[in-house]
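Asker: Single-letter residue listing:
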Amino acid sequence: MTYRITRREFGLGAAAGGAVLAAPGIIGSAHAANKPIKIGSLLPRSGYEGIIGQGCQRAVDLAKRMLPEMGYAIEVVDADTESKPEVARTQAEKLISEGVDILVGAFDSGQTFSIAQVAEQRGVPFVINIGSDPAITEQGYKFIFRNFPTSVMLGTNGLARFNDLFAATHTSPKTAVLMIVNDTFGQTMLKGINALMPKANLPFHIVETISYDPQAKDLSIEVAKAKAAKADIHMVVTRLNDAILMVREMVKQRYEPMGIISPGSPGMYQTQFMKVLGKYADYAITNIPWIDPKQSFAHTFQATWDKAYPGEVCTLDAGFTFEGFLIIGDAYKRAGSAKPQAMVEALKATNIKDRIMIGGPITFNEKGQNVNLPSGVLQIQHGKPTVVLPEQYSEAKPVFPVPGWSKRA
Amino acid sequence: MLYLNIIIAGLLTGLVYGLMALGLSVIFGVIRVVNFAHGEMMVMAMYAVYLANTFTGIDPLLLLPLVALALFGFGYALQRLLINRYITRPEHEQFLLLLAVATIITASLLMGFGPDARNVQLGYAYDSFQIGALLLDKVRVFAAAGAAAGTAALWAFFRFTRTGKAIRACADNHFAAQVVGLDVKRLYAVTFGLGAACVGAAGCLMLLLVDVQPYISTDYTLLAFIIVILGGLGSMPGALLGGVIVGVSEAVSGFVIEPSFKSAFSFGLLILVLLVRPQGLLGRA
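Sequences listed follow chains A and B, in order. Residue 335 in this note's numbering sits at position 272 of the first sequence; the count goes up by one each step and never skips. Residue 179 in this note's numbering sits at position 165 of the second sequence; the count goes up by one each step and never skips.
Hints may be right or wrong, so weigh each one.
To be verified - In the SDA-like style, the derived pairs of lysine to any residue whose C-alpha atoms are separated by at most 25 Å in a straight line are:
| no. | chain 1 | residue 1 | chain 2 | residue 2 |
| --- | --- | --- | --- | --- |
| 1 | A | Lys-342 | B | Leu-136 |
| 2 | A | Lys-470 | B | Leu-150 |
| 3 | A | Lys-262 | A | Thr-232 |
Unchecked claim - Calculated from the model, a selection of chain A residues having no Cβ within reach of chain B, i.e. all distances over 12 Å:
| no. | residue |
| --- | --- |
| 4 | Ala-287 |
| 5 | Ser-400 |
| 6 | Lys-402 |
| 7 | Asp-417 |
| 8 | Val-434 |
| 9 | Lys-460 |
Because the hints were derived from the structure by calculation, they are not lab data. Where is the CB? At the ideal position from N, CA and C, for every residue including glycine.
Okay, chain A solo, but in the shape it has when bound:
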């Protein structure tokens, strides 16, 4: 007796066979989606940028805890660039050899550029948390994404805020002296400022530009030179230790301009700046992207930070660093795969509305740059960095001109 298979039985059997064959793929991709993406995090946790790097690291440690709770599967491997571009390069190579799927970092432009070159050569995506050299996203790189303003953007947005400040305080300074840190970041900022000043329609002009060594142990000569310029405002592009040295010298030399204003640089909003200088840190102004005091996710992040790190100011370094990890977690969730090309496509399509920093949703243009990163006017008031402009984000009114050193409470 022969058994004849019906067409229905053949169809059902083929479907069942197909399901069995496809199952590993289905199960595999579901597994891939649940398997955490391995992120190599590169920051200057030692060396002259160590203090700021460690501040960023606190945000990384929060990301390790918060993002899985929010449904993002991440695993982080930390590396120290030692504030040196050559070490950043070797650490990036090492992380890639150890099998990380994506890199994030590195705070400093020089170190970030080194890592970007390695990432592009090795075909590994790299999300930049902080690093402002415009050239990084002008190389035609396909694997690099930056959620931080370039120095041109910092300069443009930062200079625009000067007019907002003068308008809000009904002042019109005529001259400025510019003190600028002599490293990659400082030099790109200087180029940006020199190019943008004529177009920014500012009421003042720069009478003297003084550059100094970022690792200088003493800025008495530089401050004496600045004081001798007798300018209305003291414009600065600094790092942290030099910002502290500079203000200390200004107090000692009784140099009292209308205000100390940065068009967009680190230092004058960092915890250590307030801790060391006390009342002399007050009223320092930095025009910089900052944490949005009106965004609910920013509130959540700020509250978690304050609980985890009491006494430590939650700065833009922390905000942008956390956003770097949020971007990766979000992209991985959408991509469903940690493969480089899948991640690159997902990163290109990023559109995160619930974020920490002021500005619109996080998106990237064709060069991998987020261009929607406005600056606010941040002033230290009563020992706390406070957004004073634009009004839509402000927590208090700006104080300008600032009280003299001997008049500080």
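With the hints as your guide, set chain B onto chain A.
Answerer: Relative to the frame of chain A, chain B by itself:
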């Protein structure tokens, strides 16, 4: 008046530099060993002051004698136990030994304190003395006064004490010193201890002016060499003069030309002195 402010600030800083370099000059002048761990010993002293100030709240100026004594002990022991064995060995071996000591000190400080800059919080850190239009940083004035006092004390030691005279005898004629029965090994250890005490005192004063980190030691070793070569290796007044010249030239060149030019100017002066008077301004030919 502005230039006078700058020159005086440079002079005050230069006195502290001079005290720092004095230790190097004293050690070389007597023992004929170049202390390549000089900057590291100063940074050790800076950290010692930082710790003592943090725990006790005592002003660094008052801690100076204690720190100088501690560094004297360190220098004495180092010379007696280690460096003494290398006195007659080739110079490159002495260089390697002291370089190794320097590396060990820096690594230990890095392990103990980490890379972050530390400083002392002084009540008078932001104060200045005003004499007419002249504005003198109080901290710099106190540091310079300390340096001047330290230098005077060292000079008095060598001039008026038996041990000081004995050390000068060793420096003048090693063989004759042995012939007359001086314990040269002990005197060498005392000399190294004194050199270390000088650099310890300088470290105490330097912490008033700059923040301390393990990595700054190399800069100060280099600066000490520039100063003693400028002033004359082995010459005490030369070290002080060299310090003042470097301090003032850094200040004036930084102000007149460009702040980034400060160090370059000191090196330029060094090259000039080496070409014109290789033994240094006050060194013996």
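Asker: Evaluate each hint against the coordinates.
Answerer: Results for each hint:
1. Only pairs whose Cα atoms come within 25 Å are accepted, and Lys-342 (chain A) paired with Leu-136 (chain B) is accepted, the gap being roughly 15 Å.
2. For a cut-off of 25 Å, the pair hint linking Lys-470 (chain A) to Leu-150 (chain B) stands: about 21 Å separates their Cα positions.
3. For the hint linking Lys-262 (chain A) to Thr-232 (chain A), the alpha-carbon distance of about 22 Å falls within 25 Å, and the restraint holds.
4. The claim that Ala-287 (chain A) lies off the interface is violated: its Cβ sits roughly 6 Å from the closest Cβ of chain B, which falls inside the 12 Å cut-off.
5. The Cβ of Ser-400 (chain A) sits about 39 Å from the closest Cβ of chain B, beyond the 12 Å cut-off, so the non-interface label holds.
6. Non-interface status of Lys-402 (chain A) relative to chain B is upheld: no Cβ of that chain comes within 12 Å, the nearest being about 38 Å off.
7. Against chain B, the non-interface label of Asp-417 (chain A) holds: every CB pair exceeds 12 Å, the least being about 34 Å.
8. The beta carbon of Val-434 (chain A) is kept farther than 12 Å from every beta carbon of chain B, the shortest such distance being approximately 34 Å.
9. With a closest Cβ-Cβ approach of about 28 Å to chain B, Lys-460 (chain A) is found to remain outside the 12 Å limit, as its non-interface label requires.
Hint check: a violation occurs at hint 4 only; the rest are consistent with the structure.
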